Structures are given as C-alpha cells and as structure tokens.
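Chains as they are written, first to last, in our numbering: chain G, 1 to 329; chain H, 1 to 338.
Just so you know, the hints here were simulated from the structure itself, not pulled from any lab data. All of these numbers come straight from a predicted model, not from anything done at the bench. Hints are supplied without guarantee of correctness; some may be wrong.
What the hints assert, rightly or not - Partial list, derived from the structure: chain G residues whose beta carbon lies under 7 Å from chain H:
1. L41
2. S69
3. Y70
By construction, the Cβ of each residue, glycine as well, lies at the ideal position given by its N, Cα and C atoms.
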Amino acid sequence: MKKTIKKLTEAFGPSGFENNVRKIVQKEIVSYVDSTKKDTLGNFIAHIKGKGPKLMLAAHMDEIGVVTSYIDKKGFIRFSNVGGFFPIHSLTARIVFENGVIGVIGEEGRKSMNDPIEMSKLYIDIGAGNRKEAEKLVPVGSFGTYQREFVDLGKRIVSKALDDRIGCAVLVEVIKRLKGKSKFDTYVVFTVQEEVGLKGARTSAFGIEPKIALAVDVTRTGDTPGASKMAVELGAGAAIKVKDRAIVCNPLIVKKLKSVARKYKIPYQLEILERGTTDATSIQLTKGGIPSGAVSIPSRYIHSCSEMVDIDDVESCVQLISKFVQTGI
Amino acid sequence: MLLEKLSNLDGASGDEARVREFIQKRIRKYADSMEIDALGNLICFKKGRVKKPIVLIAAHMDEVGFMVTEKRQNGTLGFSKVGGIDSRVILAKTLRFGKNGTKGVIGAKPVHLLKKEEVTKIPGIDEMYIDVGAKSHKDFKDIEVGDYVYFDTCFEKISAKVVKGKAFDDRAGCSLIMDLFKEKFRMPLYGVFSTQEEIGLRGAMVIGNRLRPDYVIILEGTGAGDFPSKKDNSKSPFLGKGPALTVMDKSMIADKKLLELIIKIAKRKGIPYQLKQPGIGGTDAGRIQISRKGVKCAVIAVPARYIHSPVCLMNLSDYGNTLKLAKFVLKRLGDSGK
C-alpha cells in the first residue's frame, strides 16, 4: 500500500489539475469495479454494483498549491494561493509546475524577523535571469504545488499532499478488499477542487443522488508540543468525524461507524475539528439533503510539504470503511 | 450607444427592474423567447439549428449603490451600502434616488473644520449621512426607508477611446449580450441577465439549477489593475490591452479546455487578450459551475478602472475586442455542434 501512497502523493495535482492523480487511481481500481466515468468537472466515479441503498464514498484528488500572477523584470515570479496555502510553511520550499520546472520560494527583505510573513511579499525563483526567460518556462496563470518526495519512516510516513491522497489510497484499498460483499450500491468518487470550496463533491453527489455519504479526508491532531487542544492523536486509530467547522455529521452514521469499529476491534477515535471541513459538508446540502459523515486519517502538519500520518491509522481507516460497507446501515 | 444608456440607468441589487425593462424592449426581436424568473433574472433564448451544445452567456444587471436606512429628525438620512464600495470614494459625492431622480449629497466636513486626527481617518458609514437639503424629517416627502440611491454620474466620452460612467461592472456585459444576440449561431443560446450578483452571486444560484447549459461564458466588466506605481508588480488587467480572461479568481478555477479554446481563438483571429491577475474577485460563474452535475465555465471581461465607484473608465477598443472574441468563441462552439 505504501507504494501506491508514494505514487499518489508524488503526483502533480493542484485544484483544477487532477488528471495525473486520476490516471493513477484508474489504473489501480479498474479491474475491481463495474464501471468508471469522469464527469463534467473531472470527478472520477467508480461504481461497484450492489443491492442496497446508494452509498457515496468520497476522497479528493486535488492538493493545495499556487498559481503564478506576475513576473517581474528580473524574472522573479509572484503568485496567488490555490486553497489554503500557508505562507508560514512555504519559505524556501520548492515549488514544481505542471511542466516539471522547479522554483524556490523567496521572501522580500524584512525589517525584523518578528514581522508577519505575507503572501504579497513572497516570490518564486526559478533561476531565470529575466522576465523573458521566466515567461518561457512558467507563464502567468501556471499552477504549481510543493515539490517533495515521499518518505517512509516505518510506522509513519511523510509527504506533501497526504491531504487527501491518503484518502484516495484508503478508498483504492477499500475497493480492492470489498470483493462483492457490499451491503450498498456503492459509488466511490475521487473528487476535484475540494481545496477551493468543496466543488467536485457537490456536483458528483447531485449526479449520483446517494442515500448516504462518507467523505474520507485528513484531520489535524492535538498531540504535538504546544498544539491547540484536540483529542485526536497520531496512531490512535481511524477518526470518526462528529463535527467540524461546517458540518455536524449525521448521528446515525457516527453511531454505526462506532459500533462497526467496536465489533471488529478496529482502533478509532472521535474527531471534533474546530477549523477546516471536508467534502461531506457540500454533499450534505445537495438536492434534498443527504445524510453524511466522514472518516478521517489523523495527520500532522496539514497543508505543508511534510504532512505526516501513521500507517496503522491508515489501515484502521481501510478496515473501518470496508466493514461499514459490508455491514450496511 | 447601448453601453451609454445602460450605464446611465440605475439598478442596484434588488432594484434591477429599470435595467431589465430596457434590455427586454431591445432584445425582444432577436430572441425566440424571454422569461423573468422569481429572482428577477431575465432569461432570453435563441433557438439553434443544432441541439447541442447548449451555450449560456450571462451578465449581471445589478450595480453597487446605497439604501436609505433611517430618516433622522435633523433632516439627514442614514444609509447603508448595497454591495462593496470603498468608503473613501463616497464622501462629498452627489447621489440620486432611483425612483424619482431626487438629488442628495453625502455630507463631508470641509477641510477648515476637520480636527487634526480626522484628516487621516475615514468616517464609518454610520457617521456619514445623505443631505437632501431638508430642514427636518418633515421635509422628507417622497423618501422612504428602503429607497435605493445611486451615484449621480452621467456617461461621457473623455478621449477618443476612453469613456467615463458608472456601473460598467456589469452593464458592459449586458451590452455585450445584447450585441451578441443580434448575431446568428448554430447552437441554442441562452442570454441571461442576472440579479443580485454584487451581494453574493444570488441570482446566478438558481440559473444553473434551472437551465442545463453545456458551456457557460460570463461576460463581465472587471477591475483594471494598471495603477501607477514604481513597484515592479502585477498591474493586469490593463486598460486598452484587450479582453481579460480568468484563470482563477476567488469564486472559480475556469475550465481549462474552454479557456485554452478562447486563447487559441484570440491568437488565431489576432485579437489582443490578457490574463487577469489570478486570485482576485469573483463572478456568477462561481455559482453556476457547481450547480447540478457541474458546468464548464469561463469568464471574458472588459477591463475598467475604478469600478464600484462613481467614475469608472473604460476603453472602447477593449469593448470592441471583447465583443469580437466572444462572437468568435460562440461561433466556434456552434460549429462543433450536432
């Protein structure tokens, strides 16, 4: 599974540019599902036929990134954020563009090290000598992401874009393990443009009209030095979302997930996330309303180039979702 | 000129009737059907010779403005903004009431009476007032709380190419649709004049759910960024450099293939174009894109300086080039149809 995770996280895929990720997912799952399709916005939808109610499982393929907005005379490139790209995480990090060009994030000189880091004072240096040179490689309007390799620390793994390629990897694995034992008519959706407003989840849910939906995404943890209080820890199991900034998860789904976890002795924890949200929020409000919940993979350093998750948690998430699908509601 | 008449009309969010009636009267003979929906959106339709693709072009009728919130004993009127307006541009401006043209001014202390600390401070909107020359509240004959009030601006040409007026955002788009409807296309075409864009893309919210377009092109008047500054930073879009195309703004990432097609057509036809600085602003496309099963959207905009103020400037050659580009794009989408 780590091999798939490595492939998925190292793929280039900021919001709106999910093609590469889709291709990897497609290759992994195509022989395990009844049909696949790509919809208008680019969501990749896999259907596993079953007799029960329609279930939608969703993980987003896109990652946070940047888009270039201006190149100055000397060839330094200014940029805007795509989703929650945090300036504080970005200093001297490397950015890769769709065509493979790599640049370094630099910062205008500041008077004091205590001054805040502002987006408008950052630039990307691709080593160009002037505007013309830079323009040829990275014209205005180019999308980029962090450039960082996957690292296996053993029990834990580190990479960019674990948000939410780890969710994609979990669902790929769930698909492989289901083997026709589903209590649902299951649609697994690898969504687009989550980071810029939960967009793909909304439109794919509209098309599918599921009776129930589960999003699979990362959540933060409260277990690092000085972290703001949160009960989720790395390595303590799959996180069953109860509430975040924008959704109160359907209580019956939460209850069912908890009982499945207990029954099969799958380690789990309850997630109450104060900031941030996920695809479940927009699925919930689609059409006449869709009961929705989420299973989260605990992650440290979210939206940075070195996000960290615990591989046992990943396994717990796979088990929990698989058993849930096989148990029914 | 259509743009002149449209710009001089008053129509803030929720008060679009005057603009809608004007458009309705003139577009009638070019449209096969017209309809006004519950939110006041004007939906015009032109049949095609083929069934697909269904293309929708949209522009919003509403502009930013003001609303009377309070009739005070001392003869002044409290007001609030409708849509995003910078408080610094409204002091000491002449306003007119939409319903009857009554004039008023936003009062501002003369420089002689300003205290030192007031010179550098912008008063809050609650400290400002509209002065209609009344002695007391008894003089407010026709004025009611809830009345819409507008910048008292008249459209005029200030140079061979540049015009001044209010509400180019988005009467420029309205004018473009009216001009485009005079053309013939192979595919079915919706022209939508939407409401309440300036207060949260509200009219557009229902458009995508009702109509089922394959492609949407939003026509906008967008803010130019070409202000004089010594800093080597982005000033796009510029006045006079052609239509501005959106890669990504706060509301949407444009459909990649549709944007590429627009750029290809501009290049082939020799029409100047520019990419709008990413990450700024938002349009009705943000709503329509995520309606139903999702819709492919792009934005083509005429740059205008000082939008959301009483004195927008626009270059007429940008308008002409935007019209040309939009026309070729629609022709191309029609030619691809079946």
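Q.
Just to be careful: measuring from the Cβ of G/Y70 to every Cβ in chain H, is the smallest value less than 7 Å?
A. holds, 3 Å
Q | Hint check: 7 Å Cβ-Cβ cutoff, G/L41 to chain H | A | Hint on G/L41: holds, closest Cβ of chain H at ~4 Å, below 7 Å.
Q | Status of the hint placing G/S69 at chain H (closest C-beta pair under 7 Å) | A | Because about 5 Å separates G/S69 from the closest Cβ in chain H, which is inside the 7 Å limit, the hint holds.
Of the numbered hints given earlier, the model fails none.
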